[in-house]
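Colleague: The primary structure of each chain is shown beneath.
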Amino acid sequence: DVKVTQSSRYLVKRTGEKVFLECVQDMDHENMFWYRQDPGLGLRLIYFSYDVKMKEKGDIPEGYSVSREKKERFSLILESASTNQTSMYLCASSLGASGNTIYFGEGSWLTVV
Amino acid sequence: QKEVEQNSGPLSVPEGAIASLNCTYSDRGSQSFFWYRQYSGKSPELIMSIYSNGDKEDGRFTAQLNKASQYVSLLIRDSQPSDSATYLCAVIGNSGYALNFGKGTSLLVTP
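Protein chains in written order, with the working numbering: chain X, 1 to 113; chain B, 1 to 111.
Misleading hints may appear alongside valid ones.
Below, simulated DSS-like cross-link-like pairs (lysine-lysine); rule was C-alpha separation at most 27 Å, straight line [stated by the list, open to error]: (1) X:LYS3 - B:LYS103; (2) X:LYS18 - B:LYS2; (3) B:LYS2 - X:LYS55; (4) B:LYS56 - X:LYS57; (5) X:LYS71 - X:LYS55; (6) B:LYS2 - X:LYS13.
Don't read these hints as lab results, they were simulated from the structure. Computed from a predicted structure; not experimentally measured.
Given only the sequences and the hints, what does the whole structure look like? Please build it.
Modeller: Structure below.
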């Protein structure tokens with residue numbers, strides 16, 4: 001089975017803090033994604049990566065950055081957390097070819113106070 | 001902006017009935033279509049994928065795709081209370097990698 005692991009499940013951070021959300025997948029997938037999910041807005045793509053050190057902006061990249069130094073790991077960084085970044089963050093991965101099934105981690109619940 | 005539209009519901013069906021969930025999409029170049037189920041507080045889990053026009057069956061679930069009408073649906077036969085969840089329609093465009101999601105339809109199966 002595909003395993004996408006988000007190490008931090010529940011976080012509470014202060015406004016202005018730098019926040020790291022880590023994601024690891026164990027299926028040698030080329031593609032990795034970060035989404036956020038908010039009530040009434042659905043899932044929205046923040047960033048994705050199709051290869052090590054490669055990244056592409058999604059629909060809502062403002063206020064976020066990403067890092068992919070190793071194939072299995074994709075990190076989401078909030079440079080200066082704000083209250084409007086309180087959300088559930090979902091990491092996902094898929095095999096290299098376009099159109100392949102995307103598998104999700106369990107999610108990270110971030111509250112910024 | 002490439003849109004994926006779903007009726008938010010809630011859709012309420014009695015136990016044992018067929019639940020029909022519908023989705024339309026705006027990107028005519030879309031090639032890959034998925035249905036995910038999401039329980040409250042949990043992450044989405046894949047139910048089915050469909051790539052070609054027609055029907056695809058997997059157990060109690062049938063996905064239907066009509067690319068000409070830009071329409072994809074999910075039928076759940078013999079609905080169970082455990083099927084109560086939000087169902088997310090998702091689409092990958094031509095040469096794309098990332099999913100574009102609808103906002104989901106809430107399904108309630110009543111005993």
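Colleague: Hint by hint, note whether the structure agrees.
Modeller: Hint-by-hint comparison with the structure:
no. : hint              : result
1   : X:LYS3 - B:LYS103 : holds, 25 Å
2   : X:LYS18 - B:LYS2  : violated, 32 Å
3   : B:LYS2 - X:LYS55  : holds, 20 Å
4   : B:LYS56 - X:LYS57 : violated, 33 Å
5   : X:LYS71 - X:LYS55 : holds, 12 Å
6   : B:LYS2 - X:LYS13  : violated, 33 Å
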